[in-house]
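Engineer: Construct the complete structure from the given sequences, taking the supplied hints into account.
Chains as they are written, first to last, in my numbering: chain H, 31 to 459; chain B, 859 to 1049.
The set of hints was computed from the structure by calculation and includes no laboratory data.
All of these numbers come straight from a predicted model, not from anything done at the bench.
In this text, a Cβ means the ideal position worked out from N, Cα and C, and glycines have one as well.
Check the hints yourself; a few may be wrong.
[Said to hold, decoys possible] Over 12 Å on every C-beta distance to chain H, these chain B residues come out as not near it, computed from the model:
{"#": "1", "residue": "Gly908"}
{"#": "2", "residue": "Ser1042"}
{"#": "3", "residue": "Glu1043"}
[Stated by the list, open to error] Label-pair restraints from in silico Cβ distances:
{"#": "4", "chain 1": "B", "residue 1": "Asp877", "chain 2": "H", "residue 2": "Pro403", "range": "48 to 58 Å"}
{"#": "5", "chain 1": "B", "residue 1": "Arg870", "chain 2": "H", "residue 2": "Pro54", "range": "31 to 41 Å"}
{"#": "6", "chain 1": "H", "residue 1": "Ala291", "chain 2": "B", "residue 2": "Ser899", "range": "24 to 34 Å"}
{"#": "7", "chain 1": "H", "residue 1": "Ser273", "chain 2": "B", "residue 2": "Leu966", "range": "29 to 39 Å"}
{"#": "8", "chain 1": "B", "residue 1": "Val910", "chain 2": "H", "residue 2": "Gly418", "range": "34 to 44 Å"}
{"#": "9", "chain 1": "B", "residue 1": "Val910", "chain 2": "H", "residue 2": "Val184", "range": "54 to 64 Å"}
{"#": "10", "chain 1": "H", "residue 1": "Thr307", "chain 2": "B", "residue 2": "Gly938", "range": "56 to 66 Å"}
{"#": "11", "chain 1": "H", "residue 1": "Arg389", "chain 2": "B", "residue 2": "Ile979", "range": "51 to 61 Å"}
{"#": "12", "chain 1": "B", "residue 1": "Lys901", "chain 2": "H", "residue 2": "Asn315", "range": "29 to 39 Å"}
[Claimed, not checked] Simulated coverage check for chain B against chain H, where a stretch passes if three residues somewhere in it have a Cβ under 8 Å from a Cβ of chain H:
{"#": "13", "region": "862-869"}
{"#": "14", "region": "881-890"}
{"#": "15", "region": "910-920"}
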Amino acid sequence: MPVEWIDAHPEGHWLLCGRVLDRPFSETILLGEGPHRIQVNGPCTVDLQPGDLVRLRAIVDHDPADLYLPPDRAFPVYLAFESQCLHRPTRSPFARGSETWRLTQDGVRPRLALRHHASDQVRAYFRAQRFLEVETPTIVTCPGLDVHLSAFGVLGRMQATPSGLPTPYGFLITSPELHLKRLLVGGVNHCFQLARCFRAGEIGRRHQPEFTMVEWYRAWAGLDDVLADTEHLVRAVAEVGPSPGMIRFGANEISLEEEFAHMTVREAFARWAPDVTDPIALAANDEEEYFRRFSQDVEPGLGFDRPTFLTHFPSVHASLARRCEDDPSVCLRAELYIAGVELCNAFDELTDPAEQRARFLEDQHRRADLGLPVYELDEDFLRALEEGMPPSAGNALGFDRLVALVAGRECIDDVIAFPHRPGGSYPSR
Amino acid sequence: MGQVIDINELRRGNKIDIDGEPYQVVSVDFRKPGKGTPSTSVKMKSMISGNVLERTYKSGERLSGADIEEREMQYLYAEGDQLVFMDNATYEQAHVDAKHFEERGFLLDNAICQVLLHNGIPIGVTLPTWVEMEVIETEPGFKGDTANNVLKAAKCSTGVIVQVPIFINQGDFIRIDTRTGEYSERVTKTR
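Structural biologist: Printed below as a string of structure tokens:
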């Protein structure tokens, strides 16, 4: 609410608090913002100016909720007979770049409300499915070894050491995956987290160095089970958006009513990059070229008719997913695409401690070859796998991307209150 | 040489050199498929030809920023296909190829213009926003007919033809917006 109403006086007097939007006439002021405006008529006891934060005592004969004015309508009239200016700005709240401008004129505020309702929907879904919502560490000693992710380092106590620099303390998580899986080992069969994740150097329309991930795991379940969860979550979030049952993105309208489509990586290349005869082999032999063709030709076509799960990724990019038993060149990993936007990454989880250790060592070698920092092996996680992780599937879904998609926004910045900006001026706009 | 710009720091509006030609960045699109390598697609427009170019860069690649300078200079005279400008502070002269002008008719003698230099070589000229010129030839004006949007052609002192309202007469001075080439108003000026 841009204007606060504070308790009704027995005689219908209300305390009305807000910002003066405009004062078109000497006895008329507009309170509020954009379409949420209230006109107050009457002699003011102080000389109010646009931008002032004010408190007024007014006579109101309607329910205050009915008073917000549509932008193009004549205003109802109310009388203020006691007015108080609480703050006169020394910096214009209406100038481009001001907080007021950013949240109102730039339209961020209603999208923050959508974000709030979306997280309610996510929690409600998992609660109904009897999941446990958990919180796991944000600062860790072993961030994920994924070759193409870089973690932010965390400095320890800012006190002088002999070298004059603080001692390195750890890293910020790139995802909560390893800790959530340790919970699976410990017997938490269904868990989820709305986790803040951090990835250095990722900034763009659909990337932010810090973002929110919905990550969940189901023990004693397979990939199809978490993909079914994903469908329900997308529908549940769209329910609180401007077009329930549908994603409106640019000129596209994508119905969520039908079951989501499935397509393998091979099928997707055959359709959008048919000159690549064997994308699985290409991924193994020339990763750079594979990803170039994938981003340039395949990805922009995915999920326009229907939301589409891309499946059967090359095993070289299995990460922590199991290989397919009948075709070990591909793995049990799926990504959901809607309107060319990748929303999540789901795995049928690798539970074999020996294979997991071998993959981590391989990642360490590749990181060393590429001159990237080589993080330690997470021995706590590997020990947990040795203890025994039940067959499980999990998914990590980009919450900011889902909200942006439902809001019909191209850029995830638009649904974040304080996005990071390129060039290191974070976090601001 | 301009400064070196890391691809991750590149922003819209940056000016970069590609094969010796200055380009202005129109859009920067960072892409990174799941578990994949990041790349950045850059759309840019040549500051000379206006051609649009799209290139994809790998993370960590570096681009060289274009050395672009805008200098206030006065137009002196034409010399064949070249137009000669002078910096009134340093008396330095610059020869600008006439091909950089879409419409030379708005360039008046002694006009103070902004000359765009790339590595010290002129690549474009921004004319003063407003010029005032005398109408040397037009149909006689009708006093009574002041209906909006009725225009006629008028030839100005440099030979350029501008659409003017019907009340403008030969010998009148008019003000023209050089960005649009449109008539703005009649000005009182004595010869």
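Engineer: Compare the structure with each hint and give your call.
Structural biologist: Structure-based check of each hint:
1. Gly908: 25 Å, holds
2. Ser1042: It holds; Ser1042(B) is separated from chain H by about 28 Å at its closest Cβ, greater than 12 Å.
3. Glu1043: 30 Å, holds
4. Asp877(B) <-> Pro403(H): 48 to 58 Å: Between Asp877(B) and Pro403(H), where Cβ atoms are some 35 Å apart, the hint is violated.
5. Arg870(B) <-> Pro54(H): 31 to 41 Å: For Pro54(H) against Arg870(B), whose Cβ atoms are near 38 Å apart, the range 31 to 41 Å holds.
6. Ala291(H) <-> Ser899(B): 24 to 34 Å: 27 Å, holds
7. Ser273(H) <-> Leu966(B): 29 to 39 Å: The hint (29 to 39 Å, Cβ to Cβ) is violated, given that Ser273(H) and Leu966(B) are roughly 56 Å apart.
8. Val910(B) <-> Gly418(H): 34 to 44 Å: Violated - the Cβ-Cβ distance for Val910(B) and Gly418(H), about 58 Å, lies outside 34 to 44 Å.
9. Val910(B) <-> Val184(H): 54 to 64 Å: 43 Å, violated
10. Thr307(H) <-> Gly938(B): 56 to 66 Å: 58 Å, holds
11. Arg389(H) <-> Ile979(B): 51 to 61 Å: Given about 55 Å between the Cβ atoms, the range holds.
12. Lys901(B) <-> Asn315(H): 29 to 39 Å: 30 Å Cβ-Cβ, so the 29 to 39 Å window holds.
13. 862-869: holds (count 4)
14. 881-890: Since 5 is at least three, the answer is holds.
15. 910-920: holds (count 3)
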